[in-house]
Amino acid sequence: MKPPYRFDVLPKHPPRNDMAGDWAGLDKGTGYEFWGLRKYLPGDSWSRIDWKACARSGELHVREFLKDSAYNLMLLCDISRSMHFGNKFGLAKDLTVSLAHAALRSNNPCGLLLFADKVLTWIPPSAAPRQFHHIVSALQQAPSTKNRKTQLAPPLKLVMKRLSSCFGVIISDFHTDLSSLKSLMDAADQRFPAHEMVALHVLEDSEYHLTGVKDGLLTLQDMESGQQMALDLSGLQEFNTLLRLKRERTARALAGVGVDSAVLPTSATDIQARVNTLLARRLAARV
Amino acid sequence: MPGFELQYPLALLLLLLAPLFLVLRRHTRRKLPFPAIFPEMASLRPSFWKRNYNGIFFSLVYACMVLSLVNPGYSKETVEDFIESKWLFLALDMSGSMKRPASRFSDQSLGDLALDGITSFIDMRRDKDYIGLVAFSSYAKLLAPLTFDKELLRAKLDLVRSKSHSRIARELGAGGGTNASEATWLCLSAFFSMLPEENRLSVEQIAGMREFLLGEPGALLDIPQKIRHATPGKGMAVILFTDGRIEPTQRAHVQRGGLPNLVNIITLMKAVGVRFYIISVGGEIDAAVEKAMQPTTDEPTVGRIFVTSRGLDREQIEEVYREIDILETNRNLTRITLQPRWTRWPLTLLTFGLMALHLVLRSLQGLRKL
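Residue numbers (UniProt numbering), protein chains in the order written: chain A, 1 to 287; chain B, 1 to 370.
Bound conformation, chain A alone (with noise of 0.2 Å):
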């Protein structure tokens, strides 16, 4: 399958996997990216002596690099009922595709964990040359869930307990309560958190602003609640507020957490632009 968008996959924070990468890592080590100096000590390569220095200060002094890394990848992608209105899967399982293909090119590993109410399916990161193939299988046989509601708390807490660190990717509506997840995530009070996670908020078009619809009378059933409300739709310019008002408070508390999130509408022509922008901001914003 080839992927439909180019995304380049740029973390925040420095990663901690062991697994040499292009990155460089958070921890000092055998990589290319210059981390100081510091003063010979006995047993250290003389290959490392940085010798202008040690001319200017007459005293041995050794280069330390930063540690080559690679970032786990984890895409948790949210196939719950409400995720199948329209063509908000199509676009997730586009965003999944894509950001698999953008990590496993540059060799950092990838894994997918698809999630309802619960956890559905666990791909854990790898970067074996396979690894895309399961994640696409993974995805076309996403299982016909007869969950209804979205729970993040589940596959978060799955994450935070298999892997040590990675650098997350939530794909979904995010129609559920996203009060606990202050309690879930690490990242809003550490300056290098573990786990690093990016929200996409994916969205039909009637969900980001009702167009085309005259005055009438609409039900309007929950696909994950089956809950019934009977709109007035005269107030089409107030359904819309709504709606807006509802999207940037999902923006509001995933901030809160450390989350940053970029929403995209399924009729949006600029996915591509819009998830690398996400992602190159994030890093500019690095301090």
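Hints should not be assumed to be uniformly reliable.
[To be verified] Derived lysine-lysine pairs resembling BS3-like cross-links, with alpha carbons at most 27 Å apart:
#, chain 1, residue 1, chain 2, residue 2
1, B, Lys291, A, Lys214
2, B, Lys31, A, Lys149
3, A, Lys182, A, Lys157
4, B, Lys369, A, Lys214
5, A, Lys214, A, Lys157
6, A, Lys118, A, Lys214
7, B, Lys156, A, Lys246
8, B, Lys150, A, Lys214
9, B, Lys31, A, Lys246
These aren't lab readings, by the way, just hints derived from the structure by calculation.
Assemble the complex: chain A is given as a structure, and chain B must be docked to it using the hints.
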């Protein structure tokens, strides 16, 4: 509502299915699946009318359909006033004696003469007068009930003429007796059955009253309260035309009984205020009857006895009837008729009207379902 009734009351049980239909409609109504409904959307809920007008109209249409099956009915009360009408019954003796020629040189019988007199009398009456005809010999026969139709009366009178050779004339002419008491009672029964609804006697009540009239004169008469409260009789009169002997009971039937006593009938007529006139053409009046007709000091007069010679001509008879006409007073009558009215068709029309209104409302921009 007077006379309210249901034609098929069991159909009301169908109303019990209405909640079931409402629940089914609620479950099967068209819904648009939406990813999430959040509490803030409650501010966009339609008003009570917009939310429920569908169910309200469905309930109304269903109720109307069931009621049109049940078909409730009521009685419409119609009040008709008859002003200045008189109720007159003419009882004509058709016994064999009435076939005698009126005079030696005349080809007309006494009966024909009497019929001419009656025809003249009918022509003299006003259009609003009710006139009935009874012919009698050994038994009495109702020729015509009380009617305004003078043509009908004339046609009935022609039937009993001696030259008509009709079946009625033959049957009545065959009887030799003069059963005046039965004829008078028949006239009274016709009056009682023509009273307004609230005072009208049933057949059983009339038959019961007849039992009292069979006894000896002087027995206590049981007059139903309906008749007493009706105070009829201001414009009711029975005119008996005969040439035979007028006596309390017919001789041939004395042994067997079963005939009302004319003295008792006269007493009843006095009590209820019906006037009684006897035109006796050369006949005899029994002393008991004559005595019963005489007014006492505390009783109003019940009528008169006209005794004429056998050669009475038409002018004399008309003179007698004119006198009767002067004697009578007018009477105001009210007839109350209850006509059943069924409501199936109005309810069916209402059902279709409500359905049409519902369709119109559904097509309005603000109320249509998306």
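Verification of the supplied hints:
1. A threshold of 27 Å between alpha carbons decides the hint, and for Lys291(B) with Lys214(A) the separation of about 100 Å lies outside it, so the pair is violated.
2. Note on Lys31(B) and Lys149(A): the hinted pairing holds, with a Cα-Cα distance of about 19 Å set against a maximum of 27 Å.
3. Distance hint between Lys182(A) and Lys157(A) is fulfilled; the C-alpha atoms sit about 12 Å from each other, no more than 27 Å.
4. Of the supplied pair hints, the one linking Lys369(B) and Lys214(A) holds, its CA atoms being roughly 11 Å apart against a limit of 27 Å.
5. Simply put, Lys214(A) and Lys157(A) have alpha-carbon atoms about 45 Å apart, too far for the 27 Å limit, and the pair is violated.
6. Taking the CA atoms of Lys118(A) and Lys214(A), the gap is about 39 Å. The hint is violated against a cut of 27 Å.
7. At roughly 98 Å between alpha-carbon atoms, Lys156(B) and Lys246(A) are farther apart than 27 Å, so this suggested pair is violated.
8. Note on Lys150(B) and Lys214(A): the hinted pairing is violated, with a Cα-Cα distance of about 77 Å set against a maximum of 27 Å.
9. This hinted pair checks out: Lys31(B) and Lys246(A) have alpha carbons roughly 22 Å apart, not beyond 27 Å.
Of the numbered hints given earlier, the model fails hints 1, 5, 6, 7, 8; all others are met.
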